[in-house]
Amino acid sequence: MKIKYFEYITVYLSVFLVCVFVGVIGRLVLLEKGADEYTAGVFFWISTGFGVLMFAILSLFLNDLAERLVNRFLKAKKNESPESRIPGEDFIKIEEEMQDGLIKPEMPENKNAAIDIQQLRERQQNTIKNQKQARIDTAIRYAQQEFALYASDDDLKQLGSNIIIYAEGINFEKIKPVKVKNLSNLDLYHFGWNIWNCFKVSRQDGAAQFLKLTFADALKDVEEKSIKTHLKDDEQKGLIKIMEDFTDF
Numbered sequence: 083m084k085i086k087y088f089e090y091i092t093v094y095l096s097v098f099l100v101c102v103f104v105g106v107i108g109r110l111v112l113l114e115k116g117a118d119e120y121t122a123g124v125f126f127w128i129s130t131g132f133g134v135l136m137f138a139i140l141s142l143f144l145n146d147l148a149e150r151l152v153n154r155f156l157k158a159k160k161n162e163s164p165e166s167r168i169p170g171e172d173f174i175k176i177e178e179e180m181q182d183g184l185i186k187p188e189m190p191e192n193k194n195a196a197i198d199i200q201q202l203r204e205r206q207q208n209t210i211k212n213q214k215q216a217r218i219d220t221a222i223r224y225a226q227q228e229f230a231l232y233a234s235d236d237d238l239k240q241l242g243s244n245i246i247i248y249a250e251g252i253n254f255e256k257i258k259p260v261k262v263k264n265l266s267n268l269d270l271y272h273f274g275w276n277i278w279n280c281f282k283v284s285r286q287d288g289a290a291q292f293l294k295l296t297f298a299d300a301l302k303d304v305e306e307k308s309i310k311t312h313l314k315d316d317e318q319k320g321l322i323k324i325m326e327d328f329t330d331f
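Residue numbering for the sequence shown is 83 to 331, as defined by our numbering.
Don't take every hint at face value.
Stated by the list, open to error - Dumping the calculated BS3-like pairs for lysine-lysine here, alpha-carbon to alpha-carbon at most 27 Å:
hint : residue 1 : residue 2
1    : 258       : 211
2    : 319       : 307
3    : 261       : 302
4    : 323       : 282
5    : 263       : 319
6    : 261       : 239
7    : 282       : 319
8    : 307       : 261
9    : 323       : 239
10   : 263       : 314
11   : 302       : 239
12   : 302       : 282
13   : 258       : 314
14   : 239       : 314
15   : 282       : 239
Said to hold, decoys possible - What follows is a set of in silico ranges between Cβ atoms, one per label pair, in the way DEER data are often shown:
hint : residue 1 : residue 2 : range
16   : 283       : 198       : 30 to 38 Å
17   : 326       : 215       : 18 to 26 Å
18   : 200       : 323       : 39 to 47 Å
19   : 303       : 201       : 52 to 60 Å
20   : 299       : 205       : 41 to 49 Å
21   : 199       : 266       : 46 to 54 Å
22   : 308       : 232       : 16 to 24 Å
23   : 326       : 198       : 34 to 42 Å
24   : 198       : 231       : 50 to 58 Å
25   : 232       : 208       : 34 to 42 Å
Because the hints were derived from the structure by calculation, they are not lab data.
Just so it is clear, the structure is predicted and the values come from calculations on it, not from any experiment.
Beta carbons are placed, not taken as given, at the ideal position from N, Cα and C, and that holds for glycine.
Could you build all of it, start to finish, from the sequences and the hints given here?
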């Protein structure tokens with residue numbers, strides 16, 4: 083016989099004995115009160131049977147309810163047990179390796195995206211910088227070609243430096259004058275407009291100021307406002323012509 087069945091027999095036998103004991107006490111009480119033997123006997127069996135029946139009914143419902151409560155309680159205790167809160171050996175090993183520098187944490191995807199955007203921004207900036215430098219080189223070659231016969235080597239170098247200052251938007255106070263010969267004011271105006279057209283970094287007021295400072299001796303009697311208004315006069319006249327395109331340089 084299994085232990086579980088033995089436990090059931092023990093429980094029900096104990097209940098039956100208790101019910102019999104209660105029935106006997108009830109029977110004795112009735113006899114003392116003057117009841118007859120038949121009535122006392124009937125009460126004995128009814129009380130005993132009722133007690134056993136009530137226990138059986140209660141055990142059917144309460145046993146199932148008690149089992150559910152016990153299972154829920156044990157499950158909650160299991161989840162809160164200290165062992166469940168202790169990291170596993172694999173986790174502890176990984177954590178120790180991370181602390182020792184053997185394993186480096188992976189970078190999140192949004193971090194990689196931020197790096198890609200930064201690299202893209204840097205490439206765009208480098209592209210713009212290279213394009214600007216290419217225009218500066220083109221403008222300097224153009225200036226050296228146009229003024230090769232009309233300025234000294236030192237003045238040609240200074241003219242290139244002045245063009246860089248204009249293109250980069252550096253303080254115009256750093257511009258130094260350049261001396262030229264055999265060129266008219268119209269030639270200088272045309273040159274100024276061509277440089278402005280190459281960069282277009284400012285309004286034509288800046289180009290007029292650039293000309294005034296660069297050719298200070300040749301344009302000493304001309305105001306900047308007048309220079310600005312005559313930059314494109316007689317486009318195809320003079321030694322230096324108006325140029326719309328610098329692709330040949």
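Hint check:
Taking the CA atoms of residue 258 and residue 211, the gap is near 25 Å; set against the 27 Å cutoff, the hint holds. Our distance criterion of 27 Å between C-alpha atoms is met by residue 319 and residue 307, whose separation comes to about 21 Å. For a cut-off of 27 Å, the pair hint linking residue 261 to residue 302 stands: about 12 Å separates their Cα positions. Proximity of residue 323 to residue 282 is assessed by CA-CA distance (about 18 Å); at most 27 Å being required, the pair is judged to hold.
Restraint check for residue 263 and residue 319: the C-alpha separation of about 17 Å stays at or below 27 Å, so the hint holds. Simply put, residue 261 and residue 239 have alpha-carbon atoms about 12 Å apart, close enough for the 27 Å limit, and the pair holds. Annotation: proposed proximity of residue 282 to residue 319 holds, straight-line Cα distance about 23 Å (limit 27 Å). For the hint linking residue 307 to residue 261, the alpha-carbon distance of about 22 Å falls within 27 Å, and the restraint holds.
Only pairs whose Cα atoms come within 27 Å are accepted, and residue 323 paired with residue 239 is accepted, the gap being roughly 22 Å. The hinted pair formed by residue 263 and residue 314 meets the criterion: a straight-line CA distance of about 21 Å does not exceed 27 Å. A threshold of 27 Å between alpha carbons decides the hint, and for residue 302 with residue 239 the separation of about 22 Å falls inside it, so the pair holds. Of the pairs offered as hints, the one joining residue 302 and residue 282 holds, with about 25 Å between alpha carbons and a cut-off of 27 Å not exceeded.
Annotation: proposed proximity of residue 258 to residue 314 holds, straight-line Cα distance about 24 Å (limit 27 Å). For the hint linking residue 239 to residue 314, the alpha-carbon distance of about 26 Å falls within 27 Å, and the restraint holds. Our distance criterion of 27 Å between C-alpha atoms is met by residue 282 and residue 239, whose separation comes to about 22 Å. At roughly 31 Å, the beta carbons of residue 283 and residue 198 sit within the given window of 30 to 38 Å.
The supplied range of 18 to 26 Å is met by residue 326 and residue 215, whose beta-carbon atoms lie about 22 Å from each other. Taken as a hint, the range 39 to 47 Å holds for the pair residue 200 and residue 323, whose Cβ atoms sit roughly 46 Å apart. Between residue 303 and residue 201 the C-beta distance comes to about 54 Å, which sits within the given range of 52 to 60 Å. For the pair residue 299 and residue 205, the beta carbons lie near 45 Å from each other, so the given range of 41 to 49 Å is met.
Range check, residue 199 to residue 266: Cβ separation about 53 Å, and the 46 to 54 Å hint holds. Between residue 308 and residue 232 the CB atoms are about 22 Å apart, so this pair conforms to the stated range of 16 to 24 Å. Distance hint check for residue 326 and residue 198: the Cβ-Cβ separation is about 40 Å, which falls inside the suggested range of 34 to 42 Å. Checked against the given bound of 50 to 58 Å, the beta carbons of residue 198 and residue 231, roughly 53 Å apart, stay inside it.
Separated by about 37 Å at the C-beta atoms, residue 232 and residue 208 satisfy the suggested range of 34 to 42 Å.
Every hint from the earlier list agrees with this structure, and none is contradicted.
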